[in-house]
Amino acid sequence: MRRKTTFQLLMQTGAWMVLAFLLLPMLVVLPVSLTPNEYISLPSDGFSLKHYENYFTDPEWLSATWTSIVIALSVAVIATILGTAFAIGCWLLSDVWAMVARWVLIVPILVPPVVQALGFYRFWVKLGLIDSMTGVILAHTLLALPYVSIAVFAALANLDRRIVQAARSLGASVWRTVIAVIVPAARPGMIAGAVFAFIVSFDEIVGVLFITVRNVQTLPKMIWQGINESIDPTIAAVATVLTVVTILIMVAVTWRWKARP
Amino acid sequence: MIARSLTDKGRYWILILPALAIMLTFYIWPLVEIFGISFSEPKPGFENYVSMFDSRPIRTSFVITFRVAAITTIWCLVLGYIVSYAIYNTAPRYVGLMIALVLLPFWLSVLIRSFAWIVLLGRSGVVNDSLGAVGLINEPLPLMHNEFGVILSMVHVMLPFAILPIMANMKGISRAYVDAARGLGASELRAFVSVYFPQTLPGVLSAALLVFVLALGFYITPALLGGGRVLMISEYITYQIQELLNWGVGTSLSVALLLATAAVILAAGRFVNLRRTLLERR
Numbered sequence: 001m002r003r004k005t006t007f008q009l010l011m012q013t014g015a016w017m018v019l020a021f022l023l024l025p026m027l028v029v030l031p032v033s034l035t036p037n038e039y040i041s042l043p044s045d046g047f048s049l050k051h052y053e054n055y056f057t058d059p060e061w062l063s064a065t066w067t068s069i070v071i072a073l074s075v076a077v078i079a080t081i082l083g084t085a086f087a088i089g090c091w092l093l094s095d096v097w098a099m100v101a102r103w104v105l106i107v108p109i110l111v112p113p114v115v116q117a118l119g120f121y122r123f124w125v126k127l128g129l130i131d132s133m134t135g136v137i138l139a140h141t142l143l144a145l146p147y148v149s150i151a152v153f154a155a156l157a158n159l160d161r162r163i164v165q166a167a168r169s170l171g172a173s174v175w176r177t178v179i180a181v182i183v184p185a186a187r188p189g190m191i192a193g194a195v196f197a198f199i200v201s202f203d204e205i206v207g208v209l210f211i212t213v214r215n216v217q218t219l220p221k222m223i224w225q226g227i228n229e230s231i232d233p234t235i236a237a238v239a240t241v242l243t244v245v246t247i248l249i250m251v252a253v254t255w256r257w258k259a260r261p
Numbered sequence: 001m002i003a004r005s006l007t008d009k010g011r012y013w014i015l016i017l018p019a020l021a022i023m024l025t026f027y028i029w030p031l032v033e034i035f036g037i038s039f040s041e042p043k044p045g046f047e048n049y050v051s052m053f054d055s056r057p058i059r060t061s062f063v064i065t066f067r068v069a070a071i072t073t074i075w076c077l078v079l080g081y082i083v084s085y086a087i088y089n090t091a092p093r094y095v096g097l098m099i100a101l102v103l104l105p106f107w108l109s110v111l112i113r114s115f116a117w118i119v120l121l122g123r124s125g126v127v128n129d130s131l132g133a134v135g136l137i138n139e140p141l142p143l144m145h146n147e148f149g150v151i152l153s154m155v156h157v158m159l160p161f162a163i164l165p166i167m168a169n170m171k172g173i174s175r176a177y178v179d180a181a182r183g184l185g186a187s188e189l190r191a192f193v194s195v196y197f198p199q200t201l202p203g204v205l206s207a208a209l210l211v212f213v214l215a216l217g218f219y220i221t222p223a224l225l226g227g228g229r230v231l232m233i234s235e236y237i238t239y240q241i242q243e244l245l246n247w248g249v250g251t252s253l254s255v256a257l258l259l260a261t262a263a264v265i266l267a268a269g270r271f272v273n274l275r276r277t278l279l280e281r282r
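Chain order of the listed sequences is A and B.
Each residue of the first sequence is one higher than the last, beginning at 1 in this note's numbering.
Each residue of the second sequence is one higher than the last, beginning at 1 in this note's numbering.
Extracted from the complex, chain A is given alone in its bound form (with noise of 0.2 Å):
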C-alpha cells in the first residue's frame, strides 16, 4: 500500500464533503416526519407517529400509492418486452436502420419533459385517454422503452455472435435462436432494464400533471399537489417511507449480487 500524499489527502476530504453534501438533505425528511406538529418542524418537544399513521391509513394516500404501484408494474411489464424484443432485433440486424431504429428510441431521453407532456396533452385528449389508466400506462412506457433498449444493448454487448451463428447452423431458426440463446443472455439487462422502467414510471410527475385530472392519483402526484398547496408535514412521512424502501432495495441487491460467484 503506497502512503498517501496531501493533494490525496485534499480529494478524498474533498469527496467526503459532497457525499455528505448528497446524503444529509436527504435524511433531514426523518426528524420533521416525526414532530408532533400540524407544520413542517423539527420535533421541539417530544416525537409523534401521527403522520404515519396519517399516511398508512388515509384512503387518498393509500389509493394513490396503490395507483403508482399498479402502473409502475404494468409499464415494467409491457416496456421490458417490447424494448428487449427491439433490442434483440437490432443487435441481430445491426445495420444502418437498426442505428437509426435505436437513436429513434432514445429520444425521450433528450426531449425536455414538458415539452413531451403538451404532445402527449393534445394528442391523448383526441384519443379520448386524457384521465385515464390506459394513458398513463402508455405514456410512461413511451418514457421507459430508451432505458430498457440501452440495458438490453449493454447486456448483449457480451454475446459472442459465434454462439447465434452456431445455433442457426445447427439447424435452429431465428425464434428458437433468440429463445433459447440470446434471451438468457440478455436476461442480465431486463432485470435491470424492468427495474429502471418501473422507477421511471413511479417517479413521474410532469406528464401526469398534464394528462390526468381528477380521475386518475398517483403518489407523485399527491406530493406535488401537497408541497402546493399546504406543507403537511405527511409527505415527510411519505418521503422517509419511500427513502427507507430504496435503501432496503439497494441492499438487496447489493447482497445478491456479491452472493453470486
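Simulated from the structure, these hints should not be mistaken for laboratory data.
One or more of the hints may lead you astray.
Claimed, not checked - EDC-like cross-link-like pairs, simulated, lysine to aspartate or glutamate; straight-line CA separation at most 20 Å:
1. A/Lys50 with A/Glu38
2. A/Lys221 with B/Glu243
3. B/Lys171 with B/Asp54
4. A/Lys221 with A/Asp95
5. A/Lys50 with A/Asp160
6. A/Lys50 with A/Glu60
7. A/Lys126 with B/Glu33
8. A/Lys221 with A/Asp58
9. B/Lys9 with A/Glu60
10. A/Lys50 with A/Asp203
11. A/Lys4 with B/Glu33
12. A/Lys4 with B/Glu188
13. A/Lys221 with A/Asp203
14. A/Lys221 with A/Asp232
15. B/Lys43 with B/Glu33
16. A/Lys126 with B/Glu41
17. B/Lys43 with B/Asp54
Chain B: place on chain A using the hints.
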C-alpha cells in the same frame, strides 16, 4: 441464400417494429403536432415566433435558463470530479460505501429530494430555524425562491448524472502513466494536470453534455424552489398553457427549447462521443 437472408431480416424487423411503431405513433408524431400548432394557433403564420423574439420576459427566461443550466453544470463537474477521483485513486477501503452514497440519490425521486430542500431552505425551514434558535440571525435568510436555492438543489439532483460518466471513464485509466511521470520527476500536481486529467477529459465532457441537456429542460426543482421568481423556460411554457391557455406561445417556446437542446447536442458531437454518451450508457 439471398432469399433466406432476406426473410431473416424480415424476422428481425418483426422484433423491432412493435416498439418502434408505438414510439413513432405516440411520441414522435405528437411532437410533430406541437411543431404544427406553433405555426397555426391562434392563426396561421409565423406570428408566435415573431412575438417570441420581441418579448422581453421570454428573452429573460431564456437567459435565466442557460445561466442556471451552465452554473449547475460547472458545479456538478467540479464536485463530481472530486468524488470520482477519490473513488478510483485514494480510498480503496471505502469504495463500496462511496459508490452506494452516489447511487442512493440517483434512485430516489427528484420530487422527494426537492421537497427535502424546501424543508431545509424555507423561510421557517430547518436552516433558518436553527440559525435563529442559536441567535446567529434575527431575520430569516432568503435561501429559497431565488437562483441560489434553485441552483443548490439542482446541483444536488444532477450530481449523480455527472459522477457516473466520469467514474465509468476513470475506471479504465491505468495508474501506470501517472507513476511513470512521477518516476521521471514530475511533481504530484504536474502529473495530475498534464498526464491524468487529459485522459479523463472524455468522461468530463460526457458528463457536461448530459447534465447541461437535462438542466436546460428541467421543470420540477426550479418550479418548486424558484417560487415563480426563477422562471426557467419549462415553467414559462407550463404557465402559458395552464394559466393563460396560450397554446401558440407555449408550443413555439417548446419548439425553441427543443431546437436549443438539439443544437447543444449537435455542437457537443464535435467533442463528445455521442454514441457512447447517449446510446451505450453503462
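These are the hints, each one checked on the structure:
1. A/Lys50 with A/Glu38: The given pair, whose Cα atoms are some 10 Å apart, holds under the 20 Å limit.
2. A/Lys221 with B/Glu243: The given pair, whose Cα atoms are some 18 Å apart, holds under the 20 Å limit.
3. B/Lys171 with B/Asp54: violated, 49 Å
4. A/Lys221 with A/Asp95: violated, 42 Å
5. A/Lys50 with A/Asp160: violated, 57 Å
6. A/Lys50 with A/Glu60: Holds. Lysine 50 of chain A to glutamate 60 of chain A sits at ~16 Å (cutoff 20 Å).
7. A/Lys126 with B/Glu33: Roughly 12 Å between the alpha carbons, so the hint for lysine 126 of chain A and glutamate 33 of chain B holds.
8. A/Lys221 with A/Asp58: Given that 20 Å is the threshold and the Cα spacing comes to 16 Å, the pair holds.
9. B/Lys9 with A/Glu60: Distance ~51 Å between lysine 9 of chain B and glutamate 60 of chain A Cα, so the pair is violated.
10. A/Lys50 with A/Asp203: violated, 25 Å
11. A/Lys4 with B/Glu33: violated, 59 Å
12. A/Lys4 with B/Glu188: holds, 11 Å
13. A/Lys221 with A/Asp203: Between lysine 221 of chain A and aspartate 203 of chain A the Cα gap is close to 9 Å, so the pair holds against 20 Å.
14. A/Lys221 with A/Asp232: holds, 14 Å
15. B/Lys43 with B/Glu33: holds, 15 Å
16. A/Lys126 with B/Glu41: Holds, because 17 Å separates the two Cα atoms, which is no more than 20 Å.
17. B/Lys43 with B/Asp54: holds, 18 Å
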